[in-house]
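Protein chains in written order, with this note's numbering: chain A, 147 to 593; chain B, -18 to 419.
No lab work stands behind these hints, which were simulated from the structure alone.
A virtual CB, placed ideally from N, CA and C, is assigned to each residue, including glycine.
Rough simulated footprint, nothing fancy, chain B against chain A, three-plus residues with beta-carbon under 8 Å:
1. 283 to 292
2. 447 to 457
Simulated DEER-style distance windows between Cβ atoms:
3. G508/A with N310/B: 49 to 59 Å
4. N137/B with R389/A: 36 to 46 Å
5. S371/A with A321/B: 47 to 57 Å
6. M344/A with N137/B: 32 to 42 Å
7. D365/A with E411/B: 51 to 61 Å
8. Q271/A with D372/B: 29 to 39 Å
9. G227/B with E457/A: 52 to 62 Å
10. A293/B with E374/A: 44 to 54 Å
11. A241/A with A224/B: 33 to 43 Å
12. N137/B with A495/A: 29 to 39 Å
13. S22/B with F176/A: 25 to 35 Å
Calculated Cβ distances over 12 Å to all of chain B for the following chain A residues:
14. W331
15. P381
16. P384
17. V390
18. D425
19. R469
20. Q503
21. F504
22. M505
23. T548
24. A561
25. N576
26. E589
Spelled out from the first residue to the last, the chains are:
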Amino acid sequence: MRQFRVLLNAAVLCLAPLVAQADEEAVTSFTLENGMDVVIVEDNRAPVVQHMVWYRAGSADEPKGASGVAHFLEHLLFKATENMESGELSATVAANGGRDNAFTSYDYTAYFQRVASDRLELMMQMEADRMRNIRLTESDITSERGVIIEERNQRTENNPRALFGEQLNAVQYHNHGYSVPIIGWMHEMQTLGMDDVMDFYNTHYYPNNAILVVSGDVDPEEVRSLAEKHYGTIPANPDLPDRVRTAEPPQNAERRVVFRDARVAQPYVSRSYLAPERDPGDQEMAAALTILAEVLGGGQTSYMTEKLQFEQQKAVWSGAYYRGASLDDTTFDVIVLPRPGLSLEETEAAMDDVLEQFMVDGVQPDQLERIKMQLRASQIYERDDVNSIANRYGQALAIGLTVEDVKAWPDLLKAVTEEDVMEAAGLVFNRDASVTGWLMQPEEVTQ
Amino acid sequence: MKWIATFLTALVVALPARAEIKIQEVVSPGGITAWLVEEPSIPFMALELRFRGGASLDAEGKRGATNLMTGLLEEGAADMDARAFARATEGLAASFGFDTSDDEVSISARFLTENRDQAVTLLRAALNEPRFDQDALDRVRGQVLSGIRSDLNDPNEIARTTFDGIAYGNHPYATDYSGTVDSVTALSREDIIAAHQAVLARDRLYVGAVGDITPEELGPMLDTLLGDLPETGASMPPQADVALNGGLTVVEFDTPQSVAIFGQRGITIEDPDYFPTILLNQVLGAGGFESRLTQEVRVKRGLTYGVYSYLAPRDLAEIWLGSVASANNRIAEAIDVIRAEWEKAATDGITEEELDAAKTYVTGAYPLRFDGNAPIAKIMVGMQMLGLPIDYIATRNDKVNAVTMEDIDRVAAELLNPEALTFVVVGKPEGLESLPAN
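Chain A extracted, bound-state conformation:
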């Protein structure tokens, strides 16, 4: 019942820590002449709009030695432009009763505003302005670098689970940018300067590297003409680099990480396995892995919960995760929080026994049926949240999927069979491509 604050991958960072569905989706998509993709999701129940621009540039696109620059730039896009003063964009959004924010992940950076739908053009005008026209000062760099360092302090340095997750990722990837935390390594963040920021901006922030996603009470034709007026006039970058990252070599050695921190109150064992992601026109394996995560660790009736919490009573909590929306190889993660008194060695053995037994037992048909029922229902529930539909499209296009891939995804999930799930499990549970982690107190306190 209790949500545990366990952090495996902090997959998204927001500019500000503020505050804090598919068959009948009304989705329109097209591409402007300069190469900017546009997706529109209509919901006319309330006169509100969400306006987002996603850039196909995230932390995994950073040059070596400048970790954190994608996220730093995201913060700095709220400073002055040729036409706006520092802070003017957010102040204008607020003065129009709207909210704005931005976020950075491994594969993308996105900016958004939520506002009354008759203010859409103003949002576009300002967002288009900062695509090419930022004007930063050295004092912006200095003060905002302090902010991102405090953000890292807050999210990571003050949180042993986050520090542990960072170490796990660093070891999971030998050669790929996913090994580097989105927020950056502290020692590199401290050296980020104007050149790092402007190089990243001038490499990636162009219309032919961006996706406009508008959702809410809008008319697609009107959005098209506004988009052509404000974004369509920005020249494309003909030299936009291909999005090729350093690839992983074959992974053929099992790795282990032991992270000790006096602030750990609840020790746990986690394991991540390198896993394939969703690829354009090739999402079947990712769909099976998505279902596998549900079957194994997706709630009260999942396999691991049944075995470890109900039958053996060795865990206070367990879970399985898979993040298929990724440009390059992703991970499949399992995690077990032991009951007091059980060592992490015993916990890991219990986890391994359960995974092994799962390969023998297979998927129970009634469980798969319940999961499919929930998938079908989630498409109904999501229609009440047009912005979440919009976010799915923005994220998918930012990692190289197409609108067709997004539309096909629910049916691919529904088509997954018991055999598909077991085949995916057989493929992904490869210890040679895995990292097993123990998070614990400096002295083993769980004896």
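Based on the hints, put chain B in the right spot on chain A.
Relative to chain A, chain B alone:
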């Protein structure tokens, strides 16, 4: 059945940015009142139930009983054990959230029209016939204890509980509603049953429903779901005396970034000065880049990722709270800046331009809250618990716009109190030592 529900009020509320929210008051045949917004375009509904009192109704020496009880509602009911209940819920693709706070136990439910009766039957069992099986109790207790132990090592939680201890004295608000390791370890099945009797009673129930359901359908549904709950529960605790008289308390904790919570006396929502205070706080420290605290502490000096102040009116106390987190060697400066801004606002108030900007923001942001069935259901229950009229949504922005500079100056002078602003800092803050209250 010819008369199944009474429609007392049906009114159309026009908002600048929401087409309309038509709230109806529905009284079931059995006498249960609910606020309803019909939204038939998507075949599901959101139902929000709240029981006033929440964890503050914990019996003497039984801290954590309400929280553990609430966590057990989904862990077996009627003839279903925990796993059977979970399988049934998942099979319907319904979701039932059971949450505890100091002021209420809330149940947030969502279910499809196509299997609504079955979902209601399940939820009815959870509320009326929870089993509280000993094995489920021990299992969930283990989860709660794990959370409590983690909180003891979390600087944010340490700051919060330390601050509450200072502010609320002997009131239930002074301690964490999860309880302590000792109190939760000692809870028996009888304690859990007693907590269920104390909290889940009809005399403290508030209901909001939004979605694909008519008033004629809602009335009987509420009677099925809630009609058999006991008429009365435990009596409410008294109003809390807020003791915030300045001073600064350092709690040593070995972590790189210090976390600070600060606060002073607040204001009730019934107070005529409530909206002036909301606007003053908007300028001073509410979220957003325009607030003075964010400008001074974050934007100009880069001392933090987030600094806020907010009004936290509770059922039994009013408090004006804030938070900030900065590296151990910078937190002292952040606190100096916050104190200076508090002082400045108390002495000089705010400018007319700031007031106008705050009004535009506060009125413009209001409609954005109504963005889905569940959020609207929660807002309607909150309105009922505060005793707000059913047409409140339509008039609320007018009240904001009616605030004058005189109102703001009065509130700034009378309510803002830099001497009483009380700080708790958790970490290894450099250049900060505990100071006594005034």
